[in-house]
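Engineer: Listed below are the residues making up each chain.
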Amino acid sequence: MKQRVIMAMSGGVDSSVAAALLLEEGYEVIGVTMQLWDNDLPYGTEVEGGCCSLSAVDDARAVANTLGIPYYVLNMHAPFREKVIDYFVDEYLQGRTPNPCIVCNKSVKFDLLLEKAASLDGDFLATGHYVRRSFDAERGRFILRRGVDLSKDQSYVLYGMTQPQLAKTLFPLGGYTKAAIREKAAELGLRVASKPDSQEICFVPDQDYGRFIEDYQPGSVQPGNIVDESGKVLGRHRGIIHYTIGQRKGLGIAAPEPLFVKEIRPDTNEIVVGPAESVFFKGLLANELNWILWDDLNGELEAQAKIRYSAQPVPALIKPEPGGRVRVEFETPQRAVTPGQAVVFYQQDLVLGGGTIVQAI
Amino acid sequence: MGERIYFDHAATTGVDPKVLEAMIPYFSQTFGNPSSIHSFGRETRKAIEEARQIVAAEIGAAAPNEIYFTGSGSESDNMALRGVAEAYRDKGRHIITSSIEHHAVLDTCHYLEKNGYKVTYLPVDSDGLVHPETVLDALTPETILVSIMHANNEIGTIQPIAEIGKLLKERNILFHTDAVQTVGTIPVNVQDLNVDLLSMAAHKFYGPKGTGALYIRRGVKVNPLIYGGAQERNRRAGTENIAGIVGLAKALQLANSHLEENRARITELRDYLIDRVLSEMDYVRLNGHRTKRLPGNANFSFDFIEGESLLLNLDLKGIAASSGSACTSGSLEPSHVLLGIGLCHETAHGSLRVSLGKGNTREEVDYFMSVLPEIVNKLRAMSPLYHAETERKECASCTRKR
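Protein sequence lines, in the order shown, are assigned to chains A and B.
Here the first sequence is numbered in the working numbering, starting from 2 and rising by one per residue.
Here the second sequence is numbered in the working numbering, starting from 4 and rising by one per residue.
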């Protein structure tokens, strides 16, 4: 009897080819797309753009038809709103810079969607992430490695996966380069072969997250002061949600040397700026740790730490701290360590685990 | 997955071969524009007018010109509500409907509310019935129209349309009924029902999709939705869908000629299915009135599970059913109909609509019953709600244990 895989399809080239690869590997494949938008929008509203929009559903359905697999749209609008969008907005209002993909993976995709997959008798849930998952017999654990195509590696957004989740998940693309996947899509005649890669935040199609937050929680965004490290007021800001650590543009302050956002203070609604060197940090504190390689971290660990999706992993020493936190000390100071983002730890291509940055030090 | 089983006749039905046969000449052979004066036009015009006569006769209309062909049941509903509202706006701007109407009526009412009309949404009882006295209580001097569906598309409950119609007739209030679920399924006669407007859709009674009709009693003013030509006596512009119209009439004639035998057989099959589900399964509730319901409709709520998961599992076993209206299936939002009859959100989530048609057999129901409990048990085993059942109190009122 064939094993059944529930393939999470976004309508993009990656998950489309992933579905095809699973079929080639001999699995029975059922395609699903999470519907993340509100069905009860006013008449005439165009739902476009983003990874799970109507047009994405059209693309995914067309691919499923081409591949000859069943395809369902699962309405997950309410939990997505509650678990991802509310979190996203709240984090910004708290002066942090969240990564919604990580929380979506943790709380929606590999939680609720995984449950749906099980309810459809799926042996596995599969996604189009560029990451490799395997079982390490020696450790007796499932492990995660970076995708072969390091320029597309998505392990950063998957460090939160638990052993039960990994046991039930397949990542068909981990061993391929993006170029090979596009080629494969063209070979299969998939209409999404040349579709551009999806952009950042799927539920903010125009990428104007600031306006999105202002619309989502009207009145929550208030202008305030921009101050220097001594507390001197240098200017005004448009609301702390519009700023992130290390940001230079859009401050609107005339100063002899360039100024950068160094700290965001939600309590006083202040943006603290400083010179270029002030946004380099020796280390960070992280909480909400998840370890893939072990149940828990015992003792210090030398690893490479990656502090944002687009950053390269850099050498660091990781020290467990009381309260389930870790202190991370970089070999050389790193620019723009940003609370709310994740720090993910690697040894070469092996994903050790990671956590959420609470503070730069 | 072997044979597939179709249990979703309330969503749509397949075109009867005899209907198809009647339609075929009107695609390539007999294709003239019915508005043309030449012989090509005359022959299609003849076909349309014959179809109009048939439909009028089948629903007891006084004259063929009370039948207006449209593009769908939804269009007929829209035309009835918007058309009457606009035509009588100087007389009054109040409309009464029920809280469990199809969205074609509800959303049109919402549109009218945004455009200066007041709408009263009548509550229904736990069986989904509208009580005629509530209609009377809601009347105001401003009331121009009442619209109550003949039978509900989700739970199958048949409303006391004739009784409501009689009360409204005595008071000179226009009365529309959305009869999309009943035409061709149970007897529908506009005189007996005391209605002034009635909507139908061909594809619900083995006719083609994309064709509907609206009965408008002579003398009732209805403004058009579509402008641009004199078709349908100036009330619906656009070259007629001749094959569709011919198909609608043929399908209605066929359905009505076998109505009693089909109704009896399907009702018996439905009751067999309902009895088996209620007697063999736990934590399940039948939604809608036990007897005042559409012959083919069975609607259940299974506690602790989501209708969506149930449907997908059935589909993977080759069984086509629905969680409610086809227009909202795949939606996690609980149905307004189930909430309207007083179900709590959790119970409303776990609903399943099985709608039987003339092709279904006892063997199919037996096969269904051989897979349904298995799927429900599996989904319940995954549900934390099921495991917490003993501590569960708040939902007890709307749930019936066997």
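Hints are supplied without guarantee of correctness; some may be wrong.
What the hints assert, rightly or not - Below, simulated DSSO-like cross-link-like pairs (lysine-lysine); rule was C-alpha separation at most 27 Å, straight line:
1. A/Lys169 with B/Lys381
2. A/Lys3 with B/Lys172
3. B/Lys212 with B/Lys117
4. B/Lys94 with B/Lys172
5. A/Lys169 with A/Lys233
6. A/Lys3 with B/Lys94
7. A/Lys169 with B/Lys117
To be clear, the hints were calculated from the coordinates, so they are not data collected in a lab.
Engineer: Please go over all the hints and tell whether each is borne out by the structure.
Structural biologist: Quick rundown of the hints versus the structure:
Between lysine 169 of chain A and lysine 381 of chain B, the direct Cα distance comes to roughly 18 Å. Compliance with the 27 Å bound is thereby established for this hinted pair. Of the pairs offered as hints, the one joining lysine 3 of chain A and lysine 172 of chain B is violated, with about 64 Å between alpha carbons and a cut-off of 27 Å exceeded. Annotation: proposed proximity of lysine 212 of chain B to lysine 117 of chain B is violated, straight-line Cα distance about 30 Å (limit 27 Å). Distance restraint check for lysine 94 of chain B and lysine 172 of chain B: the Cα-Cα separation of roughly 17 Å lies within the 27 Å cut-off, and the hinted pair is therefore satisfied.
Note on lysine 169 of chain A and lysine 233 of chain A: the hinted pairing is violated, with a Cα-Cα distance of about 54 Å set against a maximum of 27 Å. Between the alpha carbons of lysine 3 of chain A and lysine 94 of chain B the distance comes to roughly 68 Å, so the proposed pair goes past 27 Å and is violated. Between the alpha carbons of lysine 169 of chain A and lysine 117 of chain B the distance comes to roughly 50 Å, so the proposed pair goes past 27 Å and is violated.
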